[in-house]
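Listed below, chain by chain, are the residues.
Protein chains: 2
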Amino acid sequence: VKLYSNQHAVNPRRVRMFVAEKGIDVDVETVEVDIATRENRQPPYLEVNPLGWVPVLELDDGTRIAESIAICRYFEALHPGPPLFGGDDPIAAAQVEQYNRHVEHELLMHVTFAFRHLHDFWKDKIEQVPAWGDLAKRVATERLDWLDGVLDGRPWIAGAHFSVADITALCAIDFARISKIRVGEREHLSRWYAAMKERPSYEA
Amino acid sequence: VKLYSNQHAVNPRRVRMFVAEKGIDVDVETVEVDIATRENRQPPYLEVNPLGWVPVLELDDGTRIAESIAICRYFEALHPGPPLFGGDDPIAAAQVEQYNRHVEHELLMHVTFAFRHLHDFWKDKIEQVPAWGDLAKRVATERLDWLDGVLDGRPWIAGAHFSVADITALCAIDFARISKIRVGEREHLSRWYAAMKERPSYEA
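These protein sequences, in sequence, are chains H and P. For what it's worth, the working numbering labels the leading residue of the first sequence as 1, then goes sequentially. For what it's worth, the working numbering labels the leading residue of the second sequence as 1, then goes sequentially.
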């Protein structure tokens with residue numbers, strides 16, 4: 001099994017944390033794809049993923065799974081415990097899906113746009129719209145207040161159990177630091193963030 | 001069971017099409033939420049969903065599932081056939097997830113931003129960044145080429161079987177018309193779009 005990845009990118013980290021939390025002992029050969037030189041946007045990588053994104057999981061028979069949460073769901077299907085997508089209960093599974101997607105759409109997406117449209121790293125690589133980066137940064141900051149409210153009275157984002165939604169939020173929040181968006185004094189979010197840092201998967 | 005919904009919005013349509021494709025005979029009371037008057041961004045709706053989005057499914061015990069794909073997965077868990085998320089096979093399920101999410105991130109998201117940042121409907125409702133709307137519109141148009149390539153040699157987006165990825169793409173493409181983004185002459189996409197229009201769920 002091969003994982004096309006990048007050490008600094010946010011989505012490959014979600015997969016690494018997921019594998020660490022599952023405790024899966026899988027022999028994965030990591031292929032580092034250099035985003036800084038746009039290796040991901042050129043042949044031969046575009047044959048691996050025509051959209052140019054990492055991560056991509058390549059199975060030994062050549063089958064490719066080209067998206068972080070799709071990869072996580074594949075591992076979850078092969079190794080159901082501990083359940084990180086809510087397990088077999090339809091309501092628990094729906095709530096993990098809801099929160100994971102809310103964290104993606106509300107927080108991670110805006111954090112990503114803030115980075116892409118404001119940071120010098122992207123200056124000569126993509127068409128930047130700084131006014132959109134500014135707006136996305138403000139929205140991302142407001143969404144930290146929303147997430148603080150979600151965590152009021154519960155240990156983890158989807159409720160009583162740690163889930164993939166916590167992994168997505170942690171990766172988004174650490175990735176936000178490059179855009180100077182921070183957890184700050186938010187009470188429940190700070191408690192949760194400290195608990196996330198204690199988990200062995202944090203270093204993944 | 002109650003569904004907070006809006007007849008013109010893209011995400012509630014995904015749920016309606018999904019329910020129609022599953023052939024689920026469920027007694028759903030639809031509560032129309034008016035986006036034009038910002039009813040979705042005010043109390044009492046903000047108690048139903050603090051983020052202000054539709055759709056939200058409310059079960060008879062008061063449990064809420066506040067996101068379209070989370071709602072679809074809930075229905076899929078209760079009524080597994082026909083499988084629209086790839087069923088029990090880990091690879092098939094991962095590939096449906098990949099394509100559904102790719103269609104969302106690449107096409108639907110940019111279609112939505114083009115509408116929100118360019119259309120007069122949103123003028124006095126949100127902070128618009130027209131330069132971002134223009135860029136999003138161009139990206140969405142390019143992604144129709146990508147989707148045309150995906151459909152080269154296969155009947156449906158995730159492969160041999162109809163899936164939720166087709167529903168997402170159909171809703172995105174119809175929603176794109178308000179921003180003058182169209183299927184046009186793209187060969188494989190046109191064939192697929194004609195097939196989608198033949199399905200009874202198209203009218204849902």
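Hints in this document: simulated from the structure, not taken from any laboratory. Do not rely on the hints blindly, as some may be mistaken.
One copy or two, either will do: identical chains are not told apart, so a pair holds if it fits within one copy or between any two.
Stated by the list, open to error - Below are the EDC-like pairs computed for lysine to aspartate or glutamate, each with C-alpha atoms no more than 20 Å apart in a straight line:
no. : residue 1 : residue 2
1   : Lys123    : Asp145
2   : Lys125    : Glu106
3   : Lys123    : Glu198
4   : Lys197    : Asp152
5   : Lys2      : Asp120
6   : Lys125    : Glu142
7   : Lys2      : Glu198
8   : Lys123    : Asp134
9   : Lys2      : Asp174
Computed from a prediction, not measured in an experiment: that's the story for all the values here.
Which hints, by number, does the structure contradict? 1, 3, 5, 7 and 9
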